[in-house]
Each structure stands twice: as C-alpha cells, then as structure tokens.
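Asks: Line by line, the protein sequences are chains A, B, C and D. Here the working numbering is used: the first residue of the first sequence is 1, the next is one more, and so on. Here the working numbering is used: the first residue of the second sequence is 1001, the next is one more, and so on. Here the working numbering is used: the first residue of the third sequence is 2001, the next is one more, and so on. Here the working numbering is used: the first residue of the fourth sequence is 3001, the next is one more, and so on.
It is worth saying that the hints were derived from the structure and are not from the lab. Please note: incorrect hints may appear among the correct ones.
[Stated by the list, open to error] Residues of chain A placed beyond 12 Å of chain D at every Cβ, according to the derived structure:
1. Q20
2. D35
3. D37
4. N56
5. G78
6. G81
7. A99
8. D112
9. R120
10. G126
11. G150
12. E161
13. E203
14. E205
[Claimed, not checked] With a straight-line cut-off of 35 Å between C-alpha atoms, the simulated DSBU-like cross-links for lysine-lysine are:
15. B:K1177 to B:K1052
16. A:K118 to D:K3113
17. A:K181 to C:K2029
18. A:K52 to C:K2029
Glycine included, every Cβ here is placed at the ideal spot set by N, Cα and C.
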Amino acid sequence: MKFTADLAIDWMTKANQKIQDNKDYLSSLDQAIGDGDHGINMARGFDAVMNKLGNNDYEQVADVWKESAMTLMSKVGGASGPLFGTALLKMSMAVKGEAEVDDKTFVEALEDALAGIKQRGKAEEGEKTMIDVWAPVVEKMNEAQTVEAGVLRDTAESAMEATKDIVATKGRAAYLKERSKGHLDPGSVSSYYLFAALAETLEGEG
Amino acid sequence: MKFTADLAIDWMTKANQKIQDNKDYLSSLDQAIGDGDHGINMARGFDAVMNKLGNNDYEQVADVWKESAMTLMSKVGGASGPLFGTALLKMSMAVKGEAEVDDKTFVEALEDALAGIKQRGKAEEGEKTMIDVWAPVVEKMNEAQTVEAGVLRDTAESAMEATKDIVATKGRAAYLKERSKGHLDPGSVSSYYLFAALAETLEGEG
Amino acid sequence: MANVGIVVISHSEKAAEGIKEIVDQAVGKVAVEAAGGLEDGEIGTSLEKIQAAIQHVHNDQGVVMFYDLGSAKMNAEMAIEMLELENVHLAEAPVLEGAYLAAVEASMGKSLKEIVKALEKEF
Amino acid sequence: MANVGIVVISHSEKAAEGIKEIVDQAVGKVAVEAAGGLEDGEIGTSLEKIQAAIQHVHNDQGVVMFYDLGSAKMNAEMAIEMLELENVHLAEAPVLEGAYLAAVEASMGKSLKEIVKALEKEF
Ligand SMILES: Nc1ncnc2c1ncn2[C@@H]1O[C@H](COP(=O)(O)OP(=O)(O)O)[C@@H](O)[C@H]1O
Ligand SMILES: Nc1ncnc2c1ncn2[C@@H]1O[C@H](COP(=O)(O)OP(=O)(O)O)[C@@H](O)[C@H]1O
Ligand SMILES: [Mg+2]
Ligand SMILES: [Mg+2]
Ligand SMILES: [Mg+2]
Ligand SMILES: [Mg+2]
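Here chain A stands alone, though its shape is the one from the complex:
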C-alpha cells in the first residue's frame, strides 16, 4: 500500500457520500437509543470536511486527516464529533511527515486512533459504542500487518451488526440499559461506513 494525500481525500469523499446517503437511516438508529441526531451530526460534519478539502491543497496524508479531524471536532456537535475527530487527529500524528503511508504505518495509525477514541470516550469494547467496530478492525489489521479491503469491509460489517446484541453502558444509549439491546449502535454504523469507504478507496487503487 502506498496511501497518498489524494487517496486520503478520496476516502473522505466516499465516506461523505455514504453518510449523506444514509443520513436519515443513521438518525433513525439514534432515535431508537439516543437523541436522534447522529445522521444530522455526521452529515453536517462531513459536509464541512468536503468543503474544507475542496478548497485547499494537501501534500501529505497527515494534512488531510488533520484538517478533517479539526473540522469534525468543531462541526459535528455530538459525541461523535470529538470521537471521530480524535481518531483522525491521532492518525494524522502517526503518519506525520510521510508522503506515502505504507501498510505498517497505516495499521499503527489505526491503533492510535482506537486508543484515542477509548481515551476520549473513557470507554472499552463491549459498551455498545463505535469502539465495538474500531477494536475488531484494528485487531484484524494488526494480525495481518496489512490493510486489505475485503477483510476490512467484512470485519467492520460483522462487528457493526454485532452491536445489536450489546447492552449500552456508555453514551446516551446507556440511559436505556437493557432496552438498548436489539438496536444497532449508530456510531458503529457510521464507523462501518468509514471503513467500507476506505475499502472502496483501496480497491480503486488495487
């Protein structure tokens, strides 16, 4: 893998597409166990990201991710803002100075992102948050020491689906306790879109 700034932009573009297409779906998931704004939040955040990225030139992957991170942090407005923002900021720090990011560094970046989300959210796996998608994805990539599109998509998808059975202990859904069971975690679904978009970007390159 030679992940460049252009690919980083392509990733964000494809992620944005999925989020805009599924804005209402994401909000309806949040309606069930949260406050119903997750689609609105993510759509607003990624809209702002696309705006930023479209109006500037980027030499390094780190710059694209940092800009995206800062924009999500300031525009999303819900918990997912600081969380996805922190994830991308950690990733940008991990690849700083590199014009082309290789598999090993990309995996390290994902590991840092996961650590950042956990620290920001003071949460662990199994609490019905986006961590339940990020953790298995990072684990799989770490085992393989390579970022393979198919594995990425499949891992993220099944992890996302598995959030249905979890009882929430973090985030707004935690107020519902047992009743949060039987519903997908919205942030896990948008995390899945993020990884599915990354898979597409990598496939387009492959």
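Since the structure of chain A is already known, use the hints to place chains B, C and D with the ligands on it.
Replies: Structure of chains B, C and D with the ligands alone, referenced to chain A:
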C-alpha cells in the same frame, strides 16, 4: 383587643409603607448574603396586596389575611413569598369566622403562622432566617397572652438585630457559611417591619 | 396509556425552557413543561406558572417535578398542595440531569414509582 | 486580584444562558460565560463556543467549568487540551447547582482548589 378587618387592612397598609420606604435597604441587605432581590420581592408583593385590598370589601379579618396571603404567594417570587404567604394563610385559618379577633385568638394565629413558616422552610430557630424574629415574638406574646404594641416592637427589633451574629444554615445565605455572620438577615428585617406596622396599628387603636 | 409527565422549575425562564428543549430533542412521547422565572420573565419562581405546568402535563400516570434552588422548592410544594392532585412527586435531583433521566425512564413507560426509584439511585 | 471564572456548557443555548442569568443575578464579582448549543443555536455543543468562553473568563485564578450531558464533556476536555491553559478544571457536578455553588465560592475569593473541594464535598 378587638382586631377587625379594618385593622387588618390598616396593618397591611402600614407594612406596605415601611417596605416600600425601605425597598432599597432590604435589597442591599440581601445583596450581602443573598441574591439582592428581597426589597424588590417584598415591594412587588405588598404592592399587589394593596391593589387587591383596595379593590374589594372584607367583612372578616380572615378574608383580609387570606387575600394578602394568596397575593404574596403568587407575586413575591422569592423564598419570602411562600413563607409570608403561609404565615398569613395560617393566621387566616386560625381566626376564620370571627368578626373581631381577641388577644387569645390573635396569639394562637401567630403561633400557627410560626409553625407554618417552620414547616414550609424546613427550618428552626437559629438558622438566620425570619424564624429568628417570628419565634421570639410569638414566645413573648404567648407568655403574656396579649398582643401589646410596645413589647411587640421591642421584641421584634432586638430579635432582628440579633440575626447579625448568626451563621446561616438555611436559604441562600447558607452558601456563605461563616461569612454570613456580621450581616442582618433580610427576611428578619422585613418581618420586623411587619411587626412594627402591627404595633402602630394597635397603637392607633389604643 | 400516557407516560409520566415532567415539570421543570427554574428561577430562569430561559433555563427552564432550555432544559425542556434538551429533553424534547432527545426523548419523545413524554410531556415536559417548563415553569421558569416570574410572570414578567424576571428571575424567581411563580406559583401560577408552576401550577399551570403541572396541570398541563398531569395525567393518570402522574407527574415528576424538578426545581433548581431552595426557594423554588417552597413554591413547588405549595403548588402541589393547592392543586390537590394525586401522583405528583417533587424530586430531589439536579434539575437538568434529573429531568433528562426521568424523561428517558418515562419514555420507556416506567411508572412514577419506578422513576422516583431510578432518580434516588442515580443522584 | 480577580476571582475564579466560570464556564457553563450545555447542549442548549437557552439553558446555558439561563444558568448564567441565575448566577449573575445572585452573585457579583464573578465572570460567568455561557457556552450553549451549536453555532446556529441547534442542540449540541460547540468546541469553538467552549474555547471562546474559557478564554473570556480565564485569569490568573483559573476557571471552573460545568457541563450538562456526557458528550459535552468530551468537547469540554478537548477545548481545555487545545487551549493549553493552566488552572482550568472541568467539574463533575450538576451544571446549574454546581455553577451556582462555585460562583458563590468564587465571589468570596476562594481559590480554584478550594472551589473544587467544595464541589466535591457537596455533590
Ligand atoms: N463515551 C463514548 N465512547 C465511545 N463512543 C461513544 C461514546 N459516547 C457515544 N459514543 C458514540 O457516539 C454515537 C452517538 O453520536 P451522536 O449521536 O453524534 O452524539 P450524541 O449522543 O451527543 O447525540 C454513539 O452511537 C456511539 O457510537
Ligand atoms: N428555608 C427557609 N426558612 C425560613 N426562612 C427562609 C428560608 N429561606 C429563606 N428564608 C427567608 O427568606 C429571606 C430571603 O427572601 P428573598 O430574598 O425574597 O428570597 P430568595 O432567597 O428566593 O431571593 C431570607 O432572608 C430568610 O429570612
Ligand atoms: Mg445523538
Ligand atoms: Mg446529540
Ligand atoms: Mg433574595
Ligand atoms: Mg431571589
């Protein structure tokens, strides 16, 4: 003592006068250990009481007090509203049906008022609230089984002054703990005005 | 069957309305009414506003009320006594955080008793 | 010497402003700043608003911050990290009740440390 509805109105009129005259002083006392609105609250409440009393006819003392109570409750806006309101409401209940209230009944009414304030404020003597004026006044009247103007005024005045040395444990002033010492309790000062007005009314009759 | 209703009492009209706004955004199927400030919008609490708010959200399931500072409590208690309604509970919980928790519980169809228990457990 | 400043973070612009209103009415000599809602007034929290509020009340004595619901906490923490200021404390206390108590303490010239202790004792 033959306390009539006319005297009850005279009492409220004189109390109103004192409160309007000392509106800024009362607020400044509240500024020091509360939120600075006691004068405004009491002036607004008694203004409304005068309005009510001026526009209606009253046969019984109980009716004057009840009307005054309801008006204070709904117009004062601060803690003193429900407290003075409850006091007058209890008094009105104690003298219900009587065209002329004698000393014994008046003293009973004051006792009920004190009990009402304590119950409403969940407070006792020594907490730097209006109870520190009401309690000694009621005690004195109870001992004498008569409501004598001079005793009433003197007891209320010295009790009011004594609140300076108390550390507040109820009401907003309680937030200041030790620092509430050295300041008069605003509600005790307005309670003093109430009793001083009553003394004047009784003297005008005597 | 309706859900338990919620009354938010604050010394500030804005604060009460803002708390209602937060709860309404997050929680559906629960009637929340704000009773903030004096009649003219000044800082304080109004017996009439509180009474009107209770009557507005009251139903068979009852009402849970939240207040911000001490003197609001007295007006809240008086309002409850005067209306002589069944099933009205004044909660000893932080006004914003308590109202949010209670609304989520109410939206799940919990009874007044269960909501009061949940509040006592949390705060 | 200035007093400790206070920042009130809420998902609702109205709630944050209302809480500031209550504190301002009761307590003088303390700078309180509201950081409520998104930039457009929608429900949520805004990193920029929080940062601006901190900068607005910050002084040698420090700042104590209050937030309403979980996700506001993350934005608050991020704002603190980004500004890299000394003496900024995010309190774990009810937003309205905590801000009121802290303001009274601050008005007495209490230090940030003393205020934090008072909050921990009370809530
Ligand atoms: N403490 C946390 N740690 C990790 N993820 C969290 C946490 N709290 C919430 N989330 C994630 O954020 C998502 C909700 O995002 P969003 O609806 O935008 O925020 P909000 O709850 O503030 O409205 C949840 O579905 C969950 O995946
Ligand atoms: N719990 C209480 N019990 C008895 N009196 C109280 C109580 N709380 C406050 N007060 C009285 O009320 C007075 C303050 O009245 P006011 O300023 O009108 O109300 P607020 O504190 O709501 O602004 C105090 O000076 C005190 O005498
Ligand atoms: Mg949400
Ligand atoms: Mg939200
Ligand atoms: Mg006052
Ligand atoms: Mg007041």
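Asks: Hints broken by the structure, by number, lowest first?
Replies: 2, 3, 5, 6, 9, 15, 18
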